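S.K.: Letter by letter, the chains look like this.
Number of protein chains: 2
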Amino acid sequence: MIQIAVMGYGTVGSGVVEVIEKNKEEINKKSGEDINIKYILDLREFPGDPYADKVVHDVELILNDPEIKIICETMGGLKPAYDFTKRALMSGISVCTSNKELVAVHGPELIEIAHANKCNYLFEASVGGGIPIIRPLNYSLTAEKIDGITGILNGTTNYILSKMEKEGADFGEVLKEAQEKGYAERNPEADVEGYDACRKIAILSSLMCGKNVKYQDIYTEGITKITPADFVYAHAMGKTIKLLAQSKEKEGCFYAMVAPFMISKSHPLYMVNDVFNAVCVHGNMLGDSMYYGRGAGKLPTASAVVSDVVDCARHIGKVIMCFWDSQDVALTNIDQASRRFFVRVALEKESQALQVFESVSVIEAPIEGEFAFVTDEMTEKEFNEKAEEVGIIGRIRIEE
Amino acid sequence: MIQIAVMGYGTVGSGVVEVIEKNKEEINKKSGEDINIKYILDLREFPGDPYADKVVHDVELILNDPEIKIICETMGGLKPAYDFTKRALMSGISVCTSNKELVAVHGPELIEIAHANKCNYLFEASVGGGIPIIRPLNYSLTAEKIDGITGILNGTTNYILSKMEKEGADFGEVLKEAQEKGYAERNPEADVEGYDACRKIAILSSLMCGKNVKYQDIYTEGITKITPADFVYAHAMGKTIKLLAQSKEKEGCFYAMVAPFMISKSHPLYMVNDVFNAVCVHGNMLGDSMYYGRGAGKLPTASAVVSDVVDCARHIGKVIMCFWDSQDVALTNIDQASRRFFVRVALEKESQALQVFESVSVIEAPIEGEFAFVTDEMTEKEFNEKAEEVGIIGRIRIEE
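Protein chains in written order, with the numbering used here: chain D, 1 to 400; chain C, 1001 to 1400.
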């Protein structure tokens, strides 16, 4: 019997308890031993809850109980999760977390502490909810030199963009509807400005290069400026618009960014709609592989946390491979990154735009008073200079 | 330093050598020790090959060398691969294989022998080439009760169907072209009749239920009867036609089959085109997740074999979890499975068809002299009886 504790009895925490109860048979079989939830830590009381008798308010009870071997940290936020996690790991208790913020900020330190204490800090649920992506990166693609990761990593923005495309609706309108349905938070900034996707690609990028990619260094642009007209153009080009989180290694330079991109029908991420998420991984032998599923939600996220519990249960006293050094990676400024751009200018600027951007592909679409085109490949810096010279309505990057 | 041997220096075997050479740094780091290829077993000589000095013709050299800890079996076929693998495992040498036939026929026995001798029999490359699917099933989805697996598991047939769809071409025509390009074998039966996909879904189904699904028990239908007219109808319905390999658990019954299905645009497998493969896995907590990539090819397949080598290298003397009992699963006859069917009959049978099938959705498409429709949900048995009564031109199952 392996005794575990759940810290934080909110959406994901209660999901963890539900998954462990519902799939007891499978989980115990795969763990090699029975898993038992001994404590649930939460400040609140849960009268009438079937697990009310396991709820405790004092973390010391958990951290000082030598029977506890694994903790599920489903509290979220940096404080007090960071302190609790650190103390648990220093006592040799493995921690499985869904807390992307904590992983993005303190991942390498916590992994190092875990390994020094012959336990593990696992975080499958921190990226892509129920999509298995951390374990495939760490255990499956071990024969690859991974040089690119591109993902749709935020369900809220993908839901909004899918709706805008389908209904020709305005960003603000769809956001409001998404908030009413509970698909978007009341304060939607973390999602719509790309901050959530930024934390997640920081984690994946770090695993890609084995060093630390700081989320603060990642260029991040949200979806608030995307308009119905952009989708009309995208449609005319056989493309759609997705918020991509991306990390690439090219000739020794690391680039990472979050921004809306136009992608074509042949791109594997094209069909990832609504609240689904997906991650494309490019390896030098394998080419592209993709991992697709529900990026969020109580049970998918909880299922990922519990898969970490099973992994920890099978490795009590042993370190599970994870390469994520605390050494920071110097990201190359995206000014140096090259790509094509979709551009909209006022109709009267057509000839000036053609002169400044030289060779372009003109896009025909039923939008009045505008001239739209796709540039040749050029660096972001070069593009920005030309765009400023002409004065543009908008631009969206193109992912090939 | 871990000494390994490669058995069979054909396409995959030489790919294994290439991957280990090219990604030496990553592979050694992830293995925790340097991997060295000591022998390559093949009947042929390879004069001028940079690894010519490692080529041996006598398997005894490998099996009797106590330094060898891991063997890559890339010979294919049952004989002599089965004997070599069994002897290696009995000596405590782990075996990593791309040989789907051997895994499908002797998988549980070889896994049992491996575990009894504290070594491992791994087969990531046997299904879906470079798509990590075995490891996600065994290590990632451990908190799930998996009740369905649906895959496009054969690159040749997917290439042919994609071409037929795009070009409106005939099966025979496209097959000939695929043979000329090397995408299809001279004797294409194993691919186009679904036998290859059948072996692969037998392996996945066995892992899904932890018991043995015999490939001989799986209902298997190929793509040879699919015509350009079928694609015209599919198009009119917003669908496409894919060869699906499928395994489902429903109320305690296990169904497994390989057959062409119509799937709609919203299905995650809709966009899997050309030589790409993908596997959809349904779990009771996670819902659908999907794994997508190159299903075949020298380097992707070799990369999967080498990922197994890394796993074995990290677990020398230890057993890696894999639940696949030798106890055979009694599959439920697909006669009992329910679904909707797309049906084509001669125009003069319209009223008879409407009478026999009762409630149907009529499909309008520019095909002369025919009447086409989709039935309500019914069992295969019921469908077959009605179809025989009416006399139909053809039918394709519909995957919802």
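Calculated from the structure, these hints are not laboratory results. Incorrect hints may have been included.
Dumping the calculated DSS-like pairs for lysine-lysine here, alpha-carbon to alpha-carbon at most 30 Å [what the hints assert, rightly or not]:
| no. | chain 1 | residue 1 | chain 2 | residue 2 |
| --- | --- | --- | --- | --- |
| 1 | C | 1225 | D | 145 |
| 2 | C | 1381 | C | 1211 |
| 3 | C | 1214 | D | 118 |
| 4 | C | 1214 | D | 86 |
| 5 | C | 1163 | D | 24 |
| 6 | C | 1214 | D | 145 |
| 7 | D | 118 | C | 1349 |
| 8 | D | 166 | C | 1318 |
| 9 | D | 54 | D | 24 |
| 10 | D | 265 | C | 1029 |
| 11 | C | 1318 | D | 318 |
| 12 | C | 1211 | C | 1250 |
| 13 | C | 1214 | C | 1086 |
| 14 | D | 318 | D | 24 |
| 15 | C | 1079 | C | 1211 |
| 16 | D | 211 | C | 1381 |
| 17 | C | 1225 | C | 1349 |
| 18 | C | 1118 | D | 118 |
| 19 | D | 181 | C | 1118 |
| 20 | C | 1024 | D | 29 |
If you want the footprint, here are the derived chain D segments under chain C, 3+ residues with CB under 8 Å [what the hints assert, rightly or not]:
| no. | region |
| --- | --- |
| 21 | 123-135 |
| 22 | 324-336 |
Please read these numbers as outputs of a predicted model, since none were measured by experiment. By construction, the Cβ of each residue, glycine as well, lies at the ideal position given by its N, Cα and C atoms.
S.K.: All the hints need checking, so say for each whether the structure fits it.
M.R.: A quick look at each hint next to the structure:
no., hint, verdict
1, C/1225 - D/145, "violated (42 Å)"
2, C/1381 - C/1211, "holds (27 Å)"
3, C/1214 - D/118, "violated (41 Å)"
4, C/1214 - D/86, "violated (49 Å)"
5, C/1163 - D/24, "violated (46 Å)"
6, C/1214 - D/145, "violated (36 Å)"
7, D/118 - C/1349, "violated (73 Å)"
8, D/166 - C/1318, "violated (52 Å)"
9, D/54 - D/24, "holds (18 Å)"
10, D/265 - C/1029, "violated (38 Å)"
11, C/1318 - D/318, "holds (12 Å)"
12, C/1211 - C/1250, "holds (16 Å)"
13, C/1214 - C/1086, "holds (20 Å)"
14, D/318 - D/24, "holds (24 Å)"
15, C/1079 - C/1211, "holds (24 Å)"
16, D/211 - C/1381, "violated (58 Å)"
17, C/1225 - C/1349, "holds (21 Å)"
18, C/1118 - D/118, "holds (23 Å)"
19, D/181 - C/1118, "violated (53 Å)"
20, C/1024 - D/29, "violated (36 Å)"
21, 123-135, "holds (count 5)"
22, 324-336, "violated (count 0)"
In terms of the numbered hints stated before, the structure departs from hints 1, 3, 4, 5, 6, 7, 8, 10, 16, 19, 20, 22, listed from lowest to highest.
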